[in-house]
Each structure stands twice: as C-alpha cells, then as structure tokens.
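*Asks:* Here is how the chains run, residue by residue.
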Amino acid sequence: MPELFGVSDILDVISMQHFVQNMVSIPLIQPVIDFLLQIPVLGYIVALILWKPMFALLIFPGLMTLLTVLLFIIWFERKLTARIQWRKGPLEVLRWAGGVIQALADGLRYFFQEVIVHRDAHRLYFLQFPILIFIPVLLPLLFIPAGTIVGIKSPYSLAITVAVVSLIPVFIVAIGWASNSRFAYIGTVREAFMYFAYEIPFIISVISMILVYGTADMVTIVERQAIPGIILNPIAALVFFITTVMATSRLPFEIPEADQEIAFGPFVEYSGIMFGLVMTIAYEKMYILSLLMSILFLGGGNGPAIPLLGDISGVIWLFIKAMAVMVSLAFLRSIYARLRLDQALRVSWTTIMKISLVSLAIGVIINLTTVGVVG
Amino acid sequence: MDDSVDFLNSGIFAPFKKWGTKWSLWPVHLVTACCGVELAHAYASGYDGERLGSLNYGIARQTNLIIVEGAITRKMARVLKITYEQMPEPKFVIVMGACGLKGGLFWNGYHMVRPSDVVPVDFFVPGCPPTPESLLRAIRALQDKIMSGEARSTIEFEKYDLSGIKARSEQPLVPPSPRYCSPTPPIKLDVPRDVDWEFGEKLVEEMKSELKGLYKSITITDKNRIAIHVEKKDVVTIASKLSKKFDHVKNVNVIDIPHEDSFIVEYQLSSYSVKELMPVIVNIFARIPRSDARFPSLTVFWPSADYLEREMYDLFGIWFDGNPAMGERFLLAPDTPEFPLRKDRKLREEQYYEEVKQ
Amino acid sequence: MTEREVVLDVPVQPPTDLFLPIPKKFLEEAYRGDDYVVLVGPQHPGSGHMRLILRIKGDVILEAIPDPGYVHRCMEKLAENRLYIQNIPLFERPAIMDTGNVTLGYVRAIENALDVEVPERAKYIRMILAELSRIGTHLYDAGILAVFLGHTTGFMWPFALREPIVEAITRISGVRVTSSFIIPGGVRRDVPWKTLEFVRKTTFVLEKRLKSFEKIFIRNPTVIERLKDVGVLSKEEAIKFGVVGPFLRASGVEYDVRAVEPYEAYDSVSWEIPISDHGDSYSRFLVRVEEIAQSISIIRQAVNELRSMPEGNIISEDILQEYSEVASSDIRGFFFKVFGNLVLPSGEFTSLTEAARGTLLYSIISDGESNIPYRARVITPGWYYLKGFMEALRGERLADLQAIYGSFGYFPPEADR
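Protein chains in written order, with our numbering: chain E, 1 to 375; chain Z, 1001 to 1358; chain U, 2001 to 2417.
If you are wondering where the hints come from, they were derived from the structure by calculation, not from laboratory data.
Accuracy of the hints is not assured; some may be wrong.
[Claimed, not checked] Taking lysine-lysine and the DSS-like style, the derived pairs with C-alpha atoms no more than 25 Å apart in a straight line are:
no.: 1; chain 1: U; residue 1: Lys2235; chain 2: Z; residue 2: Lys1244
no.: 2; chain 1: Z; residue 1: Lys1241; chain 2: U; residue 2: Lys2194
no.: 3; chain 1: Z; residue 1: Lys1275; chain 2: Z; residue 2: Lys1223
no.: 4; chain 1: E; residue 1: Lys79; chain 2: Z; residue 2: Lys1081
no.: 5; chain 1: U; residue 1: Lys2235; chain 2: Z; residue 2: Lys1275
no.: 6; chain 1: Z; residue 1: Lys1208; chain 2: Z; residue 2: Lys1244
no.: 7; chain 1: Z; residue 1: Lys1275; chain 2: Z; residue 2: Lys1202
no.: 8; chain 1: U; residue 1: Lys2215; chain 2: E; residue 2: Lys88
no.: 9; chain 1: U; residue 1: Lys2194; chain 2: U; residue 2: Lys2208
no.: 10; chain 1: Z; residue 1: Lys1017; chain 2: E; residue 2: Lys79
no.: 11; chain 1: U; residue 1: Lys2215; chain 2: U; residue 2: Lys2201
no.: 12; chain 1: U; residue 1: Lys2240; chain 2: Z; residue 2: Lys1241
no.: 13; chain 1: Z; residue 1: Lys1102; chain 2: Z; residue 2: Lys1346
no.: 14; chain 1: U; residue 1: Lys2211; chain 2: E; residue 2: Lys88
no.: 15; chain 1: Z; residue 1: Lys1022; chain 2: Z; residue 2: Lys1081
no.: 16; chain 1: Z; residue 1: Lys1202; chain 2: Z; residue 2: Lys1145
no.: 17; chain 1: Z; residue 1: Lys1232; chain 2: Z; residue 2: Lys1212
no.: 18; chain 1: Z; residue 1: Lys1275; chain 2: U; residue 2: Lys2240
no.: 19; chain 1: Z; residue 1: Lys1245; chain 2: U; residue 2: Lys2240
no.: 20; chain 1: Z; residue 1: Lys1244; chain 2: U; residue 2: Lys2240
no.: 21; chain 1: E; residue 1: Lys79; chain 2: U; residue 2: Lys2215
no.: 22; chain 1: Z; residue 1: Lys1145; chain 2: Z; residue 2: Lys1018
no.: 23; chain 1: Z; residue 1: Lys1223; chain 2: Z; residue 2: Lys1233
These numbers come from a predicted model, not from an experiment.
From just these sequences and the hints, can you work out the full model?
*Replies:* Printed below as a string of structure tokens:
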C-alpha cells in the first residue's frame, strides 16, 4: 500500500530546491542564472522554467519552439517555393530580412478577423475541435528527449507518442463533420481513407525500429544510436518519411485538403483565427513527426557536444536535424503534382505496405542478432 | 458586440490589426472576366505580388480581398455578392479594368452590371486590361488606406471644363462617319459569287440530285461555301440525308428580320471524316414566321448542335422541337430580359459631344 | 439619322435576389438515385468563371451539366450596334491572350466580303502575331492545368515564359495583350527589323526554357499519372460532339484550318500538324506542347521571309484608296477616315480561323446598305468543345474534374463571349 502524499511531500515537490536539482545546465550563462536564483520571486520562476520537464514543455521542444517553427517554416516554405519558381516570395513586410515575419502578419490578420459560424454547422463542436486538437499536438512533445532534457521519462514513450499522434486525424474528421458542408464531407472521407492507408505502414516502420533498438524508450533509443538508425534500417526510414508526407498531407499526397479540387476539404468553412488554428495542424504534425524521425533515424540529440552550452547542445542538434527533415518536406511542394485518392491508396496499400514489411523483417533480424549485445 | 468591434478598430490592438491586415491582403479566387490574364501575371513570376504579402488563395472564408477582374455580368453579380457576404470582416474590394468602372467596351450590354452597385469598392484600376504594375499599385494604395484610414487616388486625371460643351444632334464628329443603319434592309444569305471552284460545282450537282424537290435553291456563295435555301417542313429530311456526309454542325444561327416578319434559321455543316469536305461549309437555312418561332431540332443527327440550339433559344426564343432543354435559361441570368437579341430589343445608344467653337 | 435617347427595357439595377437556378429535374433524379450533387464554381479554387453541376456516386461522376454564361458580355448584340471597325476591339475581348488569332478571324471575314488581297508583308506579320498568341495561350493553359493539379511551379514557369511573348507583342503593337493590331487590309503599322530580330531571339529563349519546364512538369511522374487515360474521347465521340482544335487532333482527327483552308501565308511555310490517337488528357496536353514547337518554327521562317522583303506597304490599296500614299505603312491619323464608311456587300460571310484552342467561326450578315453588321455571329472554340468536355467528365473520378478541365484549357470568357 503506497503512502499517500502529505503536505510536506507536496511542498517538497514544488520547492525551489526540487527544481534546482533537475535543472538545465548551461555553462555559458551559468553566472547569470546563479545571480537570478538569488532574487526571491524571480529566482523561483527561473528555476521553474529551467526545470527540465518544464523546459521541455515551454521552451524546447514545447510551446516556444513550436510557435517559432510554425512562423518560420510557413515563411520558409513560401520563400523556398518562390525561389524555385523564379520569383522572390514574401519580402516587403520586412525587407532587410527577406520578409521573415510574413507568417506573423498573416497570423495577426487571422487573429483579428471575424470568425463566421455558418448556419448548418454544429456550433459547439465547430468551435471547440480546433482548440481541442492542441492536446494530441502538445502531449507528444513531453515525451520527446532533446539530449538530456526530457519532460516525462517512460519506457513506453515512443509507443505513447505514436498513439497520441495517431489521434490527430480523428480530430480532423470531427472538424469536417462539424462543418457539415459538401466539400468538408468529401474532404473528411478522403482524410479517413488516407488515415487508414498510411497509419499501418507508419506503425510497422516504428515497430521495426523498436525491434532494432530493443526498447520503446526514446531516451534509450537515442543512447543506443552509435550508428544512426537510417543506416541500420534505411527501408524503415524511407517508409517513415513517405508516411510522414502522407500524414501531414504534403504534396504529392495533399489529398484531403486539395484546394483546387475540394477547397481545403474539412477546413472549407473556417474563417479567421479558427482557420489559422486548423491550417497549422498539418505543420504541427509535421514538426512532431520530424522530431520523431530525427530521434528514430538520425540520432536525436547526439552530436559533437558543445561544452559551453551544456544541456542545450543536445537541443540544438535535435533542432537542426528536425529542421533538415522539415525543409526536405517543404521542398516537395514545388516539385510534385497532387495524386488522386485512389492512386495514393493503391501506392500505400501495396508498395509502401510491402516495403514496410521488409523493414519489419530487417528489424527482426537485427533484433535477433544483436539481442546478446544489447540485452 | 459592436463595442468590441469598435475596440478592435480603435483600441490598443488597432495598430496590430492594421499592420496584420496591411501585409496580408489575400485575394480570393474569384475570376470574373478577361482581366484575369493580367491578374495571373501580377501574381506569377514576372511581377510576383507575393512580395507584398498578398497571396492568391482558395475561397471566400479564408481571404479578405476581392479583385473583380473586369466585366461583371448579371449572373456573376450574384456570385460576387455571395462571395462578398461570405467573407469575414475586414474585407476589401479592388475593381480591375474599364468594364468594372463604367462598363467599358460593354457599357450598353443587356447583361452587364457595375460592380460598384453590388459591393462597396475601395479602389478602381483603370485600363483594358490594366497592366500588372497598376494592379500591384492598387494593392499598395489599399495598404496605404488601411494604415492611414483614407483612400488616396494614385493618379491625377486631367480636368475638362464641360460648360462650353453641348450635345450635337445632327452630325457627330467622332467618328467622322456616323453609324448609318438601314431601316428595312433586304437580307439575303444566298448571294451567288463567281469563284473558281470545280469541286464545289460537282458537289452542288450531287446535292441537287440527292435532294431533289426538297430545296428552293442551292447556291455557291463563295469558295468552300454553299447555301441551301429550304422550307421548314423539309429540314429534317434534308438533315437525315446530309448527315451521312457532314458529321458536325459548325454554326446554328438565327437572324431576326422584323420588317419581313420572319426569322431565318441556319445550320452550317461541315465534315471531319471526309478529307475533301473538310473545308466546305454547307449552309441550310429556312425562313419561319415570327409569330410561330418553332423549328425542328437537329440534335438527333448532330449532337454537336445541342448547346448552339440552346443558346439560340436563350437569345432569340426560337423553340427547337426535340431539344430536351428548351424553356430553360442557359447563358443568361434569370432576370435578364427575354430574348435580347431580337431586333426590337434596343440598346442604349451613345451620344457624341463636341466642343462649340467660339 | 438623328440621335435620340432610347428608353431602356433593360433594368440597370443590380440583381436583388441571389438565386442561381439548378434544373429541378436534375436534383430530383439525384435525390431518387441517392447521388451526391456537388456544385463546382464559379467561386471555387479549381474552376474558372463557370459553374459545373455534378452528380457523383461515391467518387465517380455520373453526370455533369454546365452552367455557363457568367461572362456572357452580349457581344453579338453589341456588334449589331457598332461600326465594322469598332467591332475589332470588341471581338478581341473573348480571349485577350489569343489576340492575334481572334482579331484575324473577324478581319478575314471582312476582307473576304470586300475581296481584298492583303500585301505579302502584312500576311507574314499577321502570321507572326497569330503564332505568338498561340504560344502564349498554350503556355497559359499549361499553367492553369498545372495549378489545377496542385503543381504551383508548373503554373509559375509558363507564366514567366509568357512574359517574353507579351514583350514581343508589345514591341510589335505597343500593347501587352489587347493589341487590335490586325485591321482589314493589313496591319496597323510596319514592324521594324529590330523588333523582328527580337521576336526571333525570343523563340530561342522559349525553346531553352521549355526544356526545363519539360523536366519539372511534362515528364513529372505524378503529372503523367494524373493525366494518362483520364477523360478519354475517342475519335468518333470527338467528331460527334464537335470538339475542335488541338483537342480534336488529340483524338486522332487531322483537321487544322491552317492546313485545310490555308489563310495568310500558312501554305508557304513548312509545318506539321501534331496528332495523337489516345484522346486522353495527357495527349491533349502533349499535342499543344508540340504545337508550341511548330509555332516557334513558323515564326522563325516568317522572320526569315520578312528579311528579304522591302519595308512599307502593309495595308492593301483597295482599302486605302485615296489615302494609299500617306497611310500605306502606318494607318495612324487616318483610321476613321479610311474605315468609317466601310460597307460590306449584301450576303453572309463566314470565316474559319484556327485559334489557339481550336476553330473560331465568324459569320457576318450584311445588308449591303448599313455600315454596321446586320448580324454578327461568333462561335469561339470554347463554346464548341464544351459539349465534348462535359462528355469527357462522365464516368471519371471527382478529382479528375480539374485534370480534364485543365487539359481542355477551358476558358469561360472565350466560350461565353
């Protein structure tokens, strides 16, 4: 029978001492932090923020980085596409920096725009799903280890992350249902079809990586990647990448939201900040899946340690790797045309499925041969 | 509710709202007429409107700017209104082209509406069509308007004093030769013409023997053109005979002649499958009285005539017996006056003004 | 004739109701068959200025009916009220990117009526303008097709390639798109050698850049996947529904007005008619890509021919008459003097022209007395192949709607007139 928490235990947990024990260490600005910790209230706040779980939630890979990445990647995608298309892209908003705050302007415009709820919509669900969707988006971020910083340690962190990420399409289907419009209906059906098509190869590729490393704990996975996963099991990496493209509905698999065909499908009726929220879902998902990909295949926070930055060094390596994945995803937009639903389904139920089974076989073989070494 | 809107427009968030709106003017994909060509250029590689933060985007709900590209018809005016109403506040309208301004080339058309009567317009871009530069300039002007709150014209027109000018009734100066419209002209479609065309003479002989007793006259009107004058009752028989050689309809045309109280209905036939007949156009025409504007539909023989017949019903009110879509509006909006191409439907005419020399 | 105000029976107020009719029978049938009715357009990212009413079962289009007329600008009626010469800019408006061909058709109908022979130099200049417009239109359609398939690079590059063409037309005529440069009897102005040299150089630029476009779009596997075997029109169907132009040739019919009934100088330059037998969307697209190459070759030959011709004399003397001394190389200042009193002989004059998207028909009915046409009939290629377009949609998937739409390059302002 475990003991119940007493008042003193709770006080222990929320005491500054508790935070300081498990704090992000950054040698470069350590004197500053030490100074700040002396100040009564401010010190407490600094300790709280730098407490590793809180750091993971708020700074990296959590809210702050998520927002920055959203603002950056939307701008970057437009800019990259523009360069490929012999033009400049967003520029005038901040000329000397190449218009880097374009997404901020768009966001502000959305934020202050009227939100229209049309007559046929289910008013309550129509408004709440775009906000509820942040649960499956933010929750996985707590489990993702950035070097030594990790929100929640769990032996099943990879399984939990994949499970929660898989919930996102359910919310999109709900959004489409609440919209109650013709194109939203078609888009929702497409989303559901695509969901079943990519989810199975995606999970198989993740399982094959779990077999390769012999664990579902992402911290351990990163530790065991002396050789990056992409070399151990390149086929699983390929399947993961392609299913990521499908899951984030990037071209050529931008089928549920095909704007020229069904006018953004499930999101057709959203306006104002609500559209801003639903439009970023795909980008948020892309961010999480890029982080996952860099952890599973690219060695996560591993990399030459920068002594001055301490714990932040892992953060930076993970960030760079995730950005590389995201950029390569953004690059696809300007190269491919959109496939048709039946073509995409055929590709994923046949070719990708077969390849994913091959990756599973590789995973099993590696697991059997290395079980003595790792175990 | 209104208070909170006012607060957003003038409270402490107002600068952010203005700034965000200024750099994020997304035009909705509502293409209305031919100026769309230059709009596409303005947003493509050459001029790249995206530099200004303006991105051509999907549908009304997610955008905040309508660029009306030229002429707005009676049918499109409804769409424009619906699109405008679907759009969330704050929203703006830029009208491109002379047609959107005062009607332009089509000012006295029966199907035209001025966009400024339908939606509030922020800026007009004159030109036919305006160049992409001037469209981008309008977007700049709109950005300026959002920030400063007042609409400033970016061009100055020369001012003319109209007090010394009066309308002239007899002979307008521009153009120097006035329009002269003969009141009761004779209309003939089978004016013979001397051409050097052996194959045609042979073809006419063939037709004459084939259509014996069914035609009034067969004339060579030009090289590769043959006109067959027939009676309305014989049209179906003739069509069934000609449809073996001529496999498609090039033209279905109606000519309204009120002073002779008749319509001329003509079908121009040609062939894709027989190589020698490819350039030949055979014109079957018949006169029908204006009071009984019915004609047998020939879609049975030539499905390609379907939409042409429907168009002719729309414009002239000729009822093509056998075409299932008769009685429905096809091209025209529901509230356009009936059968506008009949001669008794007059259009407004232009008046010429001239400076009186003193 | 005296000018007087005519009382309008046309209401000038904007429409008050927002009702746009859908055929009732169609809806009832769809309801009975438990089908899904989808309205695409006119405000839809994947449609032009028209509405398509689709009945779909699952993902398959059972029936498509068009709702055109959103850009019906009453051209035929307006033409009955204007001088022959004033109708040139009017009839240019259906397809302003195709300015050369559209104007050429109308002008040829007038020339045919007056029996005017156009000077040789003007013929070649007209041909260059027509072919430049043809390339421009095909590039425009390629861009629209690309954006309908979600391929934005495929949209931007052809529009970037259109810029040099627009520049060439500007240097020839002075206007970007609506040049109205071709007039009865010839062209407005002579084109100096320097401009022709620019046009020739432009063709090399185009050729080079088209190769990179081919890599990213034409041979893109996803594009081929989307277009191949989609929206097939067999030869018989294409003839039956009166499809025209490149779309007819994509179905295997060797019909090109330029070859069948040669006008201008098309019989003195060498070129080929590209033909495909498949009749699917991809071949409709490829035929037009090949036509661009042919047009480039025609332009180069025409420029070479013009090199050996003396400058000046680009308007027929039969038209100019007493002004032939002053206006033979530049009509400026004499325009209304020459053309104001143009009266056509009595009869019907039909001209066929191969515009970029297909056969363009002008039929002018003159009474022989007025200086305005009694009736002017114009049928644009878009209006011809609308029926074939609708038939090609039948039985395809909903997502193919945009692929087929783009492959036909359907341009509603052109079809509605």
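*Asks:* Taking the hints in turn, state whether each one holds.
*Replies:* These are the hints, each one checked on the structure:
1. Lys2235/U <-> Lys1244/Z: holds, 16 Å
2. Lys1241/Z <-> Lys2194/U: Roughly 56 Å separates the two Cα atoms, so the pair is violated.
3. Lys1275/Z <-> Lys1223/Z: holds, 16 Å
4. Lys79/E <-> Lys1081/Z: violated, 34 Å
5. Lys2235/U <-> Lys1275/Z: Roughly 15 Å between the alpha carbons, so the hint for Lys2235/U and Lys1275/Z holds.
6. Lys1208/Z <-> Lys1244/Z: Answer holds: Lys1208/Z to Lys1244/Z is near 16 Å, not above 25 Å.
7. Lys1275/Z <-> Lys1202/Z: Distance ~16 Å between Lys1275/Z and Lys1202/Z Cα, so the pair holds.
8. Lys2215/U <-> Lys88/E: Within the cut-off at roughly 22 Å; holds.
9. Lys2194/U <-> Lys2208/U: Measuring from Cα to Cα gives roughly 22 Å; hence the hint holds.
10. Lys1017/Z <-> Lys79/E: holds, 24 Å
11. Lys2215/U <-> Lys2201/U: holds, 22 Å
12. Lys2240/U <-> Lys1241/Z: Roughly 16 Å between the alpha carbons, so the hint for Lys2240/U and Lys1241/Z holds.
13. Lys1102/Z <-> Lys1346/Z: Holds, at about 20 Å.
14. Lys2211/U <-> Lys88/E: holds, 22 Å
15. Lys1022/Z <-> Lys1081/Z: The hint holds at about 23 Å.
16. Lys1202/Z <-> Lys1145/Z: It is violated: about 72 Å lies between the C-alpha atoms, which goes past 25 Å.
17. Lys1232/Z <-> Lys1212/Z: holds, 16 Å
18. Lys1275/Z <-> Lys2240/U: Holds, because 16 Å separates the two Cα atoms, which is no more than 25 Å.
19. Lys1245/Z <-> Lys2240/U: holds, 13 Å
20. Lys1244/Z <-> Lys2240/U: Measuring from Cα to Cα gives roughly 12 Å; hence the hint holds.
21. Lys79/E <-> Lys2215/U: holds, 22 Å
22. Lys1145/Z <-> Lys1018/Z: Within the cut-off at roughly 10 Å; holds.
23. Lys1223/Z <-> Lys1233/Z: Violated - the C-alpha atoms of Lys1233/Z and Lys1223/Z are around 29 Å apart, more than 25 Å.
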